[in-house]
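Participant: Chain order of the listed sequences is A, B and C. For the first sequence, position 46 (counting from the first letter as 1) is numbered 46 according to the working numbering, and the numbering increases by one without interruption. For the second sequence, position 348 (counting from the first letter as 1) is numbered 348 according to the working numbering, and the numbering increases by one without interruption. For the third sequence, position 165 (counting from the first letter as 1) is numbered 165 according to the working numbering, and the numbering increases by one without interruption.
Hints were generated in silico from the structure; no laboratory data involved. If you're wondering where the values come from, they're calculated on a predicted model, not measured in any experiment. All C-beta atoms, glycine included, are put in the ideal place defined by N, C-alpha and C. Please note that a few of the clues may not be correct.
Unchecked claim - Cβ-to-Cβ under 7 Å is the rule here; a few derived chain B residues that face chain C:
1. Leu-318
2. Val-327
3. Leu-329
4. Asp-337
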Amino acid sequence: MSDSIDAGAARPSLNQRVKGWPGWLLLAAIAATLIAVGASRSQGPSNNAERIDAIAKQLRCPVCAGETVYESRVASAMNIKADIARQVAAGTPDAQIKSSIERAFPDSVLVPDGKGVNALLWILPVIAVVTGLGALAIVFRRWKAEAIALGAPTDDDRALVAAALDSNDEHDREP
Amino acid sequence: MNAALGTAAIAAGFAASLLGFVNLAFALIGRRPRYVRMGTIYAWVVVGASVAAFAVMERALVQRDYRLAYVQKVGSSRTPRLFNIAALWSSLEGSILLWALILAGYLTLVLVRFRGRRNDPLVGWATATMLAVCTFFFLLMLGPANPFRTALIPINFVDGPGPNALLQNHPLMLFHPPILYLGYVGFTVPFAFAIAALVTGRVGEGWLLETRRWTLVAWAFLTLGIVLGSWWSYEVLGWGGFWAWDAVENASLLPWLTGTAYLHSVLVQERRGMLRVWNLSLLAATFSLTILGTFLTRSGVIDSVHAFTNSRIGPYLLAFFAVVVAVSLGLIGWRGDRLRSPGTIDSPLSREGAFLANNVLFAAFAFVVLLGTVFPLVGEALNGRKLTVGRPFFDSMATPLGLALLTLMAIAPVLPWRKASTELLRDRLFWPAWCAAGALAVAVVVGGRGLTTMIAFGLGGFAAGAALRQLVLATRRQGWRGLVGRANGGMIVHLGVIIVAVALAAANSHQRTAELRLKPGQSATVLGHTFTYNGVAHTEDKTTAQLKARILVDGKQEYRPAQTVFLASGTLVPTPSVRTGFANDLYLTLENRPADDGDAIIKVLVMPLALWLWVGGIVMFVGTFLAAFPGRNRRRPTAPVSAPATATDDHGDDREPVLSGGAISLAVEPGAFDV
Amino acid sequence: MSDIHDDATVSTDAPDDAVSVAVARPRRAPLIAAAVAAVLAVLIGVMAAARSGPRDIVDRSLVGHAAPAIVGTLLDGGQFDLSRRRGSWVLVNFFQTSCTPCVQEHPELRSFVERGGQAELVTVVYVDSAANVRHFFTRNGGNWPVVLDDDGRISVSYGVAKVPETWIVDPDGVVQDRIGGAVTAARLDALLAALRAARGR
Chain A
1 MSDSIDAGAA RPSLNQRVKG WPGWLLLAAI AATLIAVGAS RSQGPSNNAE RIDAIAKQLR
61 CPVCAGETVY ESRVASAMNI KADIARQVAA GTPDAQIKSS IERAFPDSVL VPDGKGVNAL
121 LWILPVIAVV TGLGALAIVF RRWKAEAIAL GAPTDDDRAL VAAALDSNDE HDREP
Chain B
1 MNAALGTAAI AAGFAASLLG FVNLAFALIG RRPRYVRMGT IYAWVVVGAS VAAFAVMERA
61 LVQRDYRLAY VQKVGSSRTP RLFNIAALWS SLEGSILLWA LILAGYLTLV LVRFRGRRND
121 PLVGWATATM LAVCTFFFLL MLGPANPFRT ALIPINFVDG PGPNALLQNH PLMLFHPPIL
181 YLGYVGFTVP FAFAIAALVT GRVGEGWLLE TRRWTLVAWA FLTLGIVLGS WWSYEVLGWG
241 GFWAWDAVEN ASLLPWLTGT AYLHSVLVQE RRGMLRVWNL SLLAATFSLT ILGTFLTRSG
301 VIDSVHAFTN SRIGPYLLAF FAVVVAVSLG LIGWRGDRLR SPGTIDSPLS REGAFLANNV
361 LFAAFAFVVL LGTVFPLVGE ALNGRKLTVG RPFFDSMATP LGLALLTLMA IAPVLPWRKA
421 STELLRDRLF WPAWCAAGAL AVAVVVGGRG LTTMIAFGLG GFAAGAALRQ LVLATRRQGW
481 RGLVGRANGG MIVHLGVIIV AVALAAANSH QRTAELRLKP GQSATVLGHT FTYNGVAHTE
541 DKTTAQLKAR ILVDGKQEYR PAQTVFLASG TLVPTPSVRT GFANDLYLTL ENRPADDGDA
601 IIKVLVMPLA LWLWVGGIVM FVGTFLAAFP GRNRRRPTAP VSAPATATDD HGDDREPVLS
661 GGAISLAVEP GAFDV
Chain C
1 MSDIHDDATV STDAPDDAVS VAVARPRRAP LIAAAVAAVL AVLIGVMAAA RSGPRDIVDR
61 SLVGHAAPAI VGTLLDGGQF DLSRRRGSWV LVNFFQTSCT PCVQEHPELR SFVERGGQAE
121 LVTVVYVDSA ANVRHFFTRN GGNWPVVLDD DGRISVSYGV AKVPETWIVD PDGVVQDRIG
181 GAVTAARLDA LLAALRAARG R
């Protein structure tokens with residue numbers, strides 16, 4: 001069904017030519033280049049303050065109801081932030097900072113590791129998505145096979161549709 | 001006096017809703033039409049009782065009637081009148097009262113709108129379901145969450161503490177909860193009709209067309225409520241974030257996700273009579289999730305900054321959730337196979353196929369958010385250690401799902417029903433794809449970094465191109481009417497979503513922070529702006545004492561981030577000072593309490609595209625109402641779905657009925673399967 | 001729960017009679033509904049069993065490990081170093097003047113110290129000003145070392161988020177116990193006696 005002429009476009013042939021494979025290839029090339037340019041730029045914290053914030057966002061405030069150290073203003077959270085700031089200024093790597101806080105305040109690190117029960121947290125979504133998409137694929141394939149198996153419409157089918165359309169056209173006169 | 005009146009109103013409401021439900025059920029099961037009228041009268045009594053109870057509570061608050069325990073908790077003579085009125089919903093019992101009021105409001109609308117069809121069993125069962133829900137909420141107010149409980153005034157009682165400090169200092173407290181509740185509670189109506197459809201067996205398209213606009217309105221308010229909530233976090237809480245994947249935030253997101261899936265999937269049911277079981281399940285899921293969300297918010301089982309005080313209300317809510325789920329699953333299990341349409345989706349590359357994929361993705365998204373929210377409970381049950389699931393998990397799950405949804409958003413609007421060919425797609429997606437390239441170019445120019453951000457920008461441009469293409473085609477054909485109606489309004493909503501998605505991508509990954517320590521009079525230049533600290537200012541009013549740091553930004557305007565102390569409770573809240581611009585927000589917070597001549601520690605955040613989050617939210621809200629606007633050529637519910645579209649408000653793509661032997665589905669008349 | 005068409009053949013000769021086709025298909029909906037119900041039943045069970053509210057459990061993972069260092073300035077100006085107290089039992093008490101239980105346990109600590117000998121007591125100031133603490137000790141007595149912790153590093157290294165907390169460190173510098181909340185002199189005596197006995201063995 002290629003009667004999709006954009007109303008108001010120029011001569012159809014130019015339109016069709018522009019939208020052909022060459023146009024798309026050019027487009028793909030441009031898009032890929034732009035993405036590569038953007039993706040290659042460095043991400044992540046660019047100064048100490050951002051590094052501190054990034055680490056603080058990954059730690060749970062020990063006494064708050066569900067806030068991170070970054071968000072919380074209670075004394076223990078401010079102490080932890082100060083400690084992170086000291087370690088960042090001293091050049092300690094992120095992982096070491098987090099593990100030192102974790103040693104003192106267990107279960108602080110917000111990304112549950114993949115051990116034990118926590119593994120479920122990562123596995124179940126993957127299973128869900130895979131199952132969902134898999135089920136979709138199976139169902140689509142089955143339906144496609146059925147549709148092919150049914151074959152082309154027969155004259156009886158066409159008559160049936162025509163009759164239904166006629167009777168409904170009468171109802172359809174309403175605004 | 002207030003207590004007596006209020007309790008009487010609630011008792012009346014409970015009795016009327018219970019009796020009304022029993023009465024209607026009796027009338028409908030036994031087919032006694034005369035009793036249906038009685039049921040309607042009971043429903044009106046329930047409405048009256050809700051309004052009365054709410055009015056009495058407001059009166060008690062305004063009068064500062066401290067004989068009521070609730071007014072002792074949240075009332076205060078120091079609170080300004082407007083915030084005192086809003087104090088009604090600032091704590092648990094009052095929030096249930098607000099819920100009951102809004103439920104009564106929706107019940108009124110249902111009664112009025114369908115008064116001509118009172119004897120229709122569909123309407124009867126819907127009303128009965130709504131009365132059952134009312135019964136539950138009134139039961140809550142009679143039992144564990146009694147707002148009119150009296151308490152002795154303590155001997156040295158001088159004044160109440162007022163609502164929680166954080167709930168006092170922003171006018172949004174007046175709007176956010178009611179708007180959010182309009183959304184949550186609004187989903188009760190389509191749910192009631194879904195139950196009615198299942199019970200009566202009339203699973204044709206009639207019921208869903210009746211309730212389509214209700215669902216749209218509820219969804220619009222829920223969207224607006226969520227956006228307002230995140231704006232409030234950003235403006236008030238001072239930590240520069242708008243979404244923390246907190247349990248209560250997730251509780252509002254979950255029904256939004258399933259509701260959005262429903263709004264799309266219902267189009268397939270209208271067109272081809274398919275996905276009925278999906279739609280009924282999604283509606284049941286949406287309503288159940290609102291109840292589950294209420295449970296999570298109010299029971300205290302999950303840590304959250306937003307959580308209301310925990311109380312005995314938890315078991316009741318959980319029991320109601322179990323009942324709702326059991327009834328829904330039972331009915332769907334019983335009727336489900338009868339619902340299945342004979343139609344099939346022949347090709348995955350079709351509008352129906354895209355919507356089915358959409359359903360799966362949204363369901364997966366909701367599953368992931370629900371899993372993350374309740375996982376602390378599961379973990380604690382399994383190994384006893386307190387476990388927290390935080391932002392990193394949710395972000396890492398939401399990002400790929402969000403990108404997949406953006407892709408669908410780009411492709412689905414150009415897909416025709418039944419089947420698409422690659423030539424067609426290549427043709428229609430051409431200009432949208434160039435929009436994508438344009439968006440990528442813009443991203444590179446403004447400094448976008450990282451693969452995910454670039455892809456997000458690209459897909460956002462792609463989807464925006466597809467939506468704009470649709471709108472341009474429609475307005476060319478129909479003038480201004482090309483902007484209203486289901487498909488076109490839907491495209492506007494899509495644009496809103498894209499704006500929000502792109503703004504989120506930018507704000508999350510391109511936030512810049514700097515911390516400054518300034519002496520009075522000292523200046524510093526960071527992140528492209530100059531900041532001069534001009535000392536502190538102390539202000540005090542009836543409720544707060546503020547220590548403000550006066551910061552001159554770029555020599556032009558003075559901003560005053562503050563540390564605010566609420567006098568009644570002693571809580572300290574940092575108040576940010578935000579300068580909103582088109583490209584980014586400059587967000588200042590005061591980190592310490594400087595002495596008059598001491599150093600001030602100021603944190604500066606540059607939040608790119610923050611304004612567009614709110615703009616996008618408003619576009620979504622407005623677009624929904626445009627979508628609810630009737631198109632010129634409304635399709636009759638009984639029109640066969642394979643009929644040629646007679647210039648409908650969608651783009652008339654399939655001008656010929658596409659036949660594939662035998663599998664034509666005709667939309668059925670309501671009442672076709674009366675059992 | 002999608003509209004999964006079963007594999008029964010669909011006849012092409014008659015218009016679809018949805019009712020009769022429905023009867024012919026296997027009843028899939030009840031199975032799926034039952035499966036979903038099972039999962040939700042588990043979820044409801046977990047939520048029903050959950051205890052609400054913040055839990056006041058003091059974490060004991062540092063017990064049995066070396067006590068983190070305490071090096072700092074004393075209230076009256078000298079220097080303090082925990083490691084120089086090896087050889088005697090040390091009680092480390094985290095304190096704040098605005099914390100009511102801390103104020104309530106202060107007389108107990110005083111009586112513990114004045115009865116002499118069992119262990120050395122040292123107080124670490126948790127998020128408070130030296131002036132406040134000095135004023136408090138002047139008014140309420142108490143003659144033991146008080147270490148200032150202005151940048152909070154000692155509190156963080158011990159994982160202290162709520163006060164009062166009392167830590168018992170043995171003569172080898174190993175943490176033997178961690179008590180959250182206010183303590184009494186009697187309880188401290190009992191704990192120390194038990195630990196000494198266990199160690200003596």
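Participant: Can you name, in rising order, the numbers of the hints this structure does not satisfy?
Facilitator: Hint 2 contradicted; others consistent.
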